[in-house]
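Take the given structure of chain A and dock chain B to it, following the hints.
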Amino acid sequence: MYRFHKLDKMTSTRCAVCKYFRRRCPPDCIFAPYFLNDNPQRFICVHRFYGASNIGKMLEEMPVQLRADAVDSLYYEAKCRIQDPVYGCVGIITSLHRQIQIAQSQLAKAQAEISFLDANFVGFEPTPSLSESLVQQNGFEQGLDDPFSTWFY
Amino acid sequence: MRSQEPRSSSSCAACKLMKRRCTSDCLLAPYFQADEPKKFAKVHKVFGASNVTKILNEVPKPQRQDAVDSLVFEAEVRLKDPVYGCIGAITSLQDKMSQLQHDLAVAKTRLARCSTRTSYASCSTTSPFMMLDGEFDMSFDDFVVDQGGLTTEFYQYPFP
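Taken in order, these protein sequences are the chains called A and B.
Counting from -9, one number per residue, gives the positions in the first sequence under the working numbering.
Counting from 57, one number per residue, gives the positions in the second sequence under the working numbering.
Read the hints as simulated data drawn from the structure, not as lab findings.
This one's a predicted model, so the numbers in the text were calculated from it and none came from an experiment.
Ideal Cβ positions, reconstructed from N, Cα and C, are used throughout, including at glycine.
A couple of the hints might just be wrong.
Claimed, not checked - The calculated lysine to aspartate or glutamate pairs, modelled on EDC-like cross-linking and capped at a C-alpha distance of 16 angstroms, are:
1. 164(B) to 103(A)
2. 110(B) to 74(A)
3. 164(B) to 50(A)
4. 136(B) to 108(A)
5. 94(B) to 114(B)
6. 101(B) to 51(A)
7. 101(B) to 50(A)
8. 98(B) to 125(B)
9. 47(A) to 81(B)
10. 99(A) to 125(B)
11. 117(B) to 81(B)
Stated by the list, open to error - With the Cβ distance kept under 8 angstroms, some of the chain A side facing chain B (calculated, not the full set):
12. 15
13. 20
14. 48
15. 50
16. 55
17. 75
18. 76
19. 77
20. 79
21. 86
22. 89
23. 94
Chain A with its partners taken away, still in its complex shape (with noise of 0.2 angstroms):
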């Protein structure tokens, strides 16, 4: 009866990683905070590309507070690699790196040619300032409903 006790009391506090390897799970597991008994495919992923002891070299090796977000990030490169085993998340780097090439390019010809409708463009518009030194220069008035009135006079 105490052994069936003591087995039900280790299966119902293991982790995911020490529940996989069969193993007792110390109240101090690295793992346990990461990797919760409710979700074995989280380990089963990262653990496929990664390995235990690596993975548990790497938290070990940070700060507590930033580990949650690095097996977050090894979790997700890992579904990565699953989804592409031959380029990983190094594919999406490499397509984010091309559509940001050609969004420079365009963003490029688009001040360009912002740049020479300025420079092409004699302002035309009615302004107070600029009506009243047509009067001025011409000495008459000037229709300001007439946008070519400054090119034929």
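Using the frame of chain A, we list chain B on its own:
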């Protein structure tokens, strides 16, 4: 009794690091030459030799060099940024992409205004950049779809 496997003349970087005999059919030898020990050391530190072997076994032979190159890249980035690894790089590139999309939208609006303004003036002015219509249709959402939805997850990472 010694193994009957033929010995290669020189060990590859992987077998040298692992201190084992490098056979002529060593899976890692073509990709981790003896003169590049650091390359394998990085990959071994992050993934481990047996995991690298498993990964390569799952990839067709013609694509194994690319797979190794991507593993080396991932390992290098992970060693430089142990917390976020490549995900940090992806997040940063996505931020840059968002900024560029915003800048492109602003430029498109300005161009539209310039075009409207120019249409009142002489029509003989021909811009050397006339054929820009349609080139602004690139959308980050299209990119997300192209990646099979996976990038959508990264777009939200690490702030869901």
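Problem - Hint check against the structure, violated hint numbers in rising order - result: 3, 4, 5, 9, 10, 12, 13, 15, 16
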